[in-house]
Each structure stands twice: as structure tokens, then as C-alpha cells.
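Asks: Residue numbers (my numbering), protein chains in the order written: chain A, 1 to 144; chain B, 1 to 127.
To be clear, the hints were calculated from the coordinates, so they are not data collected in a lab. Hints should not be assumed to be uniformly reliable.
[Stated by the list, open to error] Simulated restraints, written as ranges between beta carbons of each label pair:
id	chain 1	residue 1	chain 2	residue 2	range
1	B	L103	A	A113	46 to 54 Å
2	A	A119	B	T6	34 to 42 Å
3	A	K120	B	N57	37 to 45 Å
[Stated by the list, open to error] Here are the computed lysine-lysine pairs in the DSS-like style, where the Cα-Cα straight-line distance is at most 30 Å:
id	chain 1	residue 1	chain 2	residue 2
4	A	K71	A	K92
5	A	K132	B	K74
6	B	K39	A	K70
7	A	K120	B	K24
8	B	K74	A	K71
9	A	K89	B	K47
10	B	K39	A	K132
11	B	K24	A	K132
12	A	K70	A	K120
13	A	K92	B	K74
14	A	K70	B	K24
Remember, it's a predicted structure, so these values are computed and weren't measured experimentally. Glycine included, each C-beta is placed from N, C-alpha and C at the ideal position.
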Amino acid sequence: MKLTRPNPANLARVADFDEWLRHPFAGFPAFGSLFDVGNFFGANVPARLATDVYEDADNFYARFEIPGVKKEDVKLELRDRMLTVTAEKREKSGEDEQSYSLSRSVSVPDSVAEDRISAKLDNGLLTVTLPKQEHRKLRTIEVN
Amino acid sequence: MTTCCTPSTTAPSAPVGNEQALRKPRYSTSASDQVYTIKVELPGVPKDAVTIGFDQNVLSVEAARREPAPSSWKPLHRELNDLGYALRLRLNAPIDEDRLSALFTDGVLVITLPIREAAKPRQIAVN
Numbered sequence: 001m002k003l004t005r006p007n008p009a010n011l012a013r014v015a016d017f018d019e020w021l022r023h024p025f026a027g028f029p030a031f032g033s034l035f036d037v038g039n040f041f042g043a044n045v046p047a048r049l050a051t052d053v054y055e056d057a058d059n060f061y062a063r064f065e066i067p068g069v070k071k072e073d074v075k076l077e078l079r080d081r082m083l084t085v086t087a088e089k090r091e092k093s094g095e096d097e098q099s100y101s102l103s104r105s106v107s108v109p110d111s112v113a114e115d116r117i118s119a120k121l122d123n124g125l126l127t128v129t130l131p132k133q134e135h136r137k138l139r140t141i142e143v144n
Numbered sequence: 001m002t003t004c005c006t007p008s009t010t011a012p013s014a015p016v017g018n019e020q021a022l023r024k025p026r027y028s029t030s031a032s033d034q035v036y037t038i039k040v041e042l043p044g045v046p047k048d049a050v051t052i053g054f055d056q057n058v059l060s061v062e063a064a065r066r067e068p069a070p071s072s073w074k075p076l077h078r079e080l081n082d083l084g085y086a087l088r089l090r091l092n093a094p095i096d097e098d099r100l101s102a103l104f105t106d107g108v109l110v111i112t113l114p115i116r117e118a119a120k121p122r123q124i125a126v127n
């Protein structure tokens, strides 16, 4: 009988390519409508934010919908390669102000340059840009 | 809370040739003696893509599909919906159409509908 062993080099390549897909998020997938949950359980339980994740040659991008949230009420925290976005939503009705928080944690691939992560809030759409480290970028080498 | 409006059963009138599907946005309503306020959540929609209409006591809000991610971005994981928004609300009280106003900030559209003078509650003195 002949045993064939998987080629470790090949495995490593697949894992690298699949980095986000393998363990992109903690917990279960969320659905956009979960905004309501925060209201239902009260202000102490953050509702889960839905997200889209993209990549191009230079960066990973994570997008979150947070309508009605001011820039100063958005908190981004990076800890143990886990990026947590928390948005505090304040709703005024007359004299009363209600607030509840929306949150989502996304695990960040090793190839991200943590010190260069940036975020932009535009019309209630938050885009977090996670730059890839220089040496992990795809390079094309010309054949002479 | 006083309800000022009910979702209209009439389907939104899509412009001819526009076969894009639309979804209903999240919204909330509140009322005072003077005005009705309707808040509609339209995240990611640019201001100039929002249209508001008022016809025969039906308020309609339409917002084009929000700007898609640049084509060079490769999607790895999708949860958000890219469809445009359409909302139609039938109002239960007479509105002063000329003083209808709207404000769009941080992806939330706030529409203020002043109640017509004649429809406001009046106090009648007992002699």
C-alpha cells in the first residue's frame, strides 16, 4: 500500500488565498434587518451590524450601514487581530433621547498593516480600509 | 403614539424602463399638535438620489440604489443589500403641502409635514 501525503506547500497557498473566507467573522452571519434587536432587548445588548468585505490589490475593505450615527459616536477597536466596530445610535423624540449600540467584530488577516487602518463615514455608510502589508501584495515580475 | 400614516398598498410607480427592484426602508413616525415627522433610513444613498413626492395624501420616498463598491473591489463576503428604496405612506390627516420640508443627514431623511391649520385641534371656550 502506498500512502500519499498532502503537499504542505500547496496547502499553505490555499490557506493564504482563502484567509478571509476561512475565518472572516466571529459568530453567525448577520442580516441587515437586525437593527431592531437593540431596541427590543434594551440599550445594553448591542445589535449586530451587517457587513460587506471586499479586497483589491492594496487593501481589504469592510463596509457597515449605520444611518443616523454621528462620526463621534463610532468607535473602532483593534485587539488581538480582532477589529470591533461599535456605533452608538441616539434617537431623539421630543425631550427624550434613546440610545442603543450596534456592534460587529471582524477578525483581521495577518497580512493587514494594523497601524494604517483607516475609516470613512459617508451618508451613513462606514468604510474601513485595511491596507495589506507591502510584502504581501501581489507583484508581477517581468521576464527579460 | 399617534399614528399619522399607514403604508400604502399601491405599488410604487416605477419609471418606464426601470426594472430595478426596490425595497422598503426602515422608517419611524412621530406626531405633535403641529407636525408629523417621518424618519427614513437610507444609508449610503447620496442626497441627490432621493426623491420625495406628495400626491393625494400619499407621501412617497424613492432613493436610487446606493453607490456600488468600485469595480476593482473583489467581494469576499456580502451581507448588505444593494437595492434601491421605495416607501409609500398614506397620511391620515390633512397636511399643509406647501410647507412640507425635508432634511437629509448621515443617511437619514427627516420629513416634516405641518398639519393644516383647519385640522389642528382647537379649544372651544364654554360660555
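Asks: Now, for every hint given, state plainly whether the structure supports it.
Replies: Quick rundown of the hints versus the structure:
1. L103(B) / A113(A): 46 to 54 Å: At 39 Å between Cβs, range violated.
2. A119(A) / T6(B): 34 to 42 Å: Once the Cβ atoms are compared, 39 Å apart, the range 34 to 42 Å for T6(B) and A119(A) holds.
3. K120(A) / N57(B): 37 to 45 Å: Distance hint for K120(A), N57(B) holds at roughly 40 Å.
4. K71(A) / K92(A): Measuring from Cα to Cα gives roughly 17 Å; hence the hint holds.
5. K132(A) / K74(B): holds, 14 Å
6. K39(B) / K70(A): holds, 16 Å
7. K120(A) / K24(B): holds, 26 Å
8. K74(B) / K71(A): OK: K74(B) and K71(A) at ~27 Å, within 30 Å.
9. K89(A) / K47(B): holds, 21 Å
10. K39(B) / K132(A): violated, 39 Å
11. K24(B) / K132(A): violated, 37 Å
12. K70(A) / K120(A): Judged against 30 Å, a Cα distance of about 12 Å means the pair holds.
13. K92(A) / K74(B): violated, 38 Å
14. K70(A) / K24(B): Satisfied, since the Cα-Cα distance of roughly 23 Å is no more than 30 Å.
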